[in-house]
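Letter by letter, the chains look like this.
There are 2 protein chains.
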Amino acid sequence: MHIFFAPDITDKYYSLDEKESRHCVKVLRMKKGTIVNLIDGRGSLFEGVIQEPDSRRCIIEITSVTNDFEKRDYSLHIAISPLKNMERFEWFIEKSVEIGVDEITPVICSRTEKPGIKSERIKGLIISAMKQSLKTRLTLLQEPVNFEEFINYVNSESLMIAHCSNDIDRKSIKDTYKKGEDTVILIGPEGDFTNDEISLALRNGYKSVHLGKSRLRSETAGVAACHSIYFLNQEESIPEQKH
Amino acid sequence: MHIFFAPDITDKYYSLDEKESRHCVKVLRMKKGTIVNLIDGRGSLFEGVIQEPDSRRCIIEITSVTNDFEKRDYSLHIAISPLKNMERFEWFIEKSVEIGVDEITPVICSRTEKPGIKSERIKGLIISAMKQSLKTRLTLLQEPVNFEEFINYVNSESLMIAHCSNDIDRKSIKDTYKKGEDTVILIGPEGDFTNDEISLALRNGYKSVHLGKSRLRSETAGVAACHSIYFLNQEESIPEQKH
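If you read the protein sequences in the order shown, they are chains U and W. Letter 40 of the first sequence, counting from 1, is numbered 39 in numbering that gives the first Met the number 0, and no numbers are missing. Letter 218 of the second sequence, counting from 1, is numbered 217 in numbering that gives the first Met the number 0, and no numbers are missing.
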């Protein structure tokens with residue numbers, strides 16, 4: 000079933016915005032009576048029926064709602080350096096949203112080569128990935144912030160910095176993170192964090208972690224970190240659903 | 000340090016092939032005396048010195064070798080359906096090689112939409128990703144094979160089929176796979192495996208696994224499966240290296 004984004008849904012009737020209306024009526028050619036899903040980005044999944052298939056303002060009647068749809072019992076915040084290659088950064092965004100991440104902060108580090116990000120474009124990618132993977136909570140994209148500032152103002156139950164420096168002991172995330180914990184994970188730029196940055200993080204309560212012995216690109220490290228937390232929080236089994 | 004691919008290295012002197020020679024001498028402008036790394040795709044990492052920077056046949060003198068460089072004590076074979084979007088399939092290849100995979104077989108399933116792959120192009124991507132991530136073992140790319148044939152002729156210590164069917168119990172990989180085991184993981188096409196395919200796999204010793212509750216694209220599922228095995232095999236800690 001097709002999913003539309005309805006961030007400001009409050010009523011029994013909802014008008015899709017112009018972009019979603021055009022997509023629904025012109026591209027997908029949906030008619031009156033078609034059943035669709037809506038997500039509000041705040042945890043709810045709605046089912047609705049198209050009442051007025053207007054290509055600028057398509058009106059949907061809401062027929063049911065599931066609140067806290069597949070709510071995770073942990074929150075994950077990934078702070079990652081912007082990358083030189085924007086496509087690789089965008090790939091990290093798509094994949095981490097698909098797997099599951101609550102908040103992403105671009106963090107400018109000493110070795111960050113290209114500090115900017117295209118926020119509007121990335122917000123669009125987050126919405127697409129959220130719809131595609133049937134997530135109901137919108138990943139929050141923060142504005143870029145300096146490393147020191149981030150270390151000073153952000154807190155969580157569990158704080159980790161993933162790095163490759165051989166000068167500092169590192170543990171696996173599986174031996175550092177406990178299932179259910181809210182966590183922040185820092186991922187460095189192409190040339191990694193400096194030892195000074197790592198020391199600053201450790202003095203502020205961060206734990207030093209590795210992502211295995213493979214030499215991973217930054218965007219792969221970001222996805223690997225996201226998947227590590229997702230994996231540790233996975234339920235043991237998903238039983239057959241009786242019909 | 001730059002890494003070159005030297006698949007047929009046997010001697011104290013090695014001539015890079017034409018492509019690698021051109022890259023070394025014309026693009027990177029390396030001179031006589033530059034120290035470089037070579038990998039043979041069979042587990043060895045070499046250090047060498049450029050003796051003749053010829054752009055068609057660059058000669059390197061080998062000065063040292065490390066056999067079984069960062070050898071993994073498990074082997075991972077991912078069998079995955081080719082995807083409609085070739086770029087997404089190629090992305091799976093790059094990321095899984097970077098994380099670590101020994102063998103990849105494209106498996107044609109009932110719901111595979113586009114059965115072909117561009118083998119030569121993918122072999123090139125595997126070599127690039129291997130060099131970039133400092134892997135010394137070349138991931139073996141098999142020719143595409145039908146699902147039934149694959150199930151019948153491939154074996155391993157651990158066999159898993161990852162799918163989304165609600166009609167069959169599924170366990171997490173973390174509750175199915177044991178560290179150190181050689182394993183085969185099957186990943187389906189965009190529309191997933193059919194129940195018949197899953198049943199056939201189960202009758203042939205495969206275990207039914209899930210990759211969590213997120214609705215993942217096939218290529219993301221492939222990377223998630225690869226990372227699950229990598230993550231479970233990670234050493235607890237990497238200690239500081241004394242200088």
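Since the hints were made in silico from the structure, they are not lab data. Take these hints with a grain of salt, some might be off.
Identical copies look the same in the list; a pair holds intra-copy or inter-copy alike.
[Stated by the list, open to error] Calculated pairs, EDC-like style, for lysine to aspartate or glutamate (alpha carbon to alpha carbon, straight line, at most 20 angstroms):
| hint | residue 1 | residue 2 |
| --- | --- | --- |
| 1 | Lys206 | Asp67 |
| 2 | Lys177 | Glu189 |
| 3 | Lys130 | Glu142 |
| 4 | Lys130 | Glu189 |
| 5 | Lys113 | Glu46 |
| 6 | Lys70 | Glu147 |
| 7 | Lys113 | Glu89 |
| 8 | Lys173 | Glu60 |
| 9 | Lys241 | Glu148 |
Now the hints, each set against the structure:
{"no.": "1", "hint": "Lys206 x Asp67", "verdict": "neither (31 angstroms within a copy, 31 angstroms between copies)"}
{"no.": "2", "hint": "Lys177 x Glu189", "verdict": "neither (28 angstroms within a copy, 33 angstroms between copies)"}
{"no.": "3", "hint": "Lys130 x Glu142", "verdict": "neither (22 angstroms within a copy, 34 angstroms between copies)"}
{"no.": "4", "hint": "Lys130 x Glu189", "verdict": "between (30 angstroms within a copy, 16 angstroms between copies)"}
{"no.": "5", "hint": "Lys113 x Glu46", "verdict": "neither (42 angstroms within a copy, 33 angstroms between copies)"}
{"no.": "6", "hint": "Lys70 x Glu147", "verdict": "neither (32 angstroms within a copy, 38 angstroms between copies)"}
{"no.": "7", "hint": "Lys113 x Glu89", "verdict": "within (14 angstroms within a copy, 26 angstroms between copies)"}
{"no.": "8", "hint": "Lys173 x Glu60", "verdict": "neither (46 angstroms within a copy, 42 angstroms between copies)"}
{"no.": "9", "hint": "Lys241 x Glu148", "verdict": "neither (51 angstroms within a copy, 31 angstroms between copies)"}
Hint compliance for this structure: hints 1, 2, 3, 5, 6, 8 and 9 are broken, all remaining hints hold.
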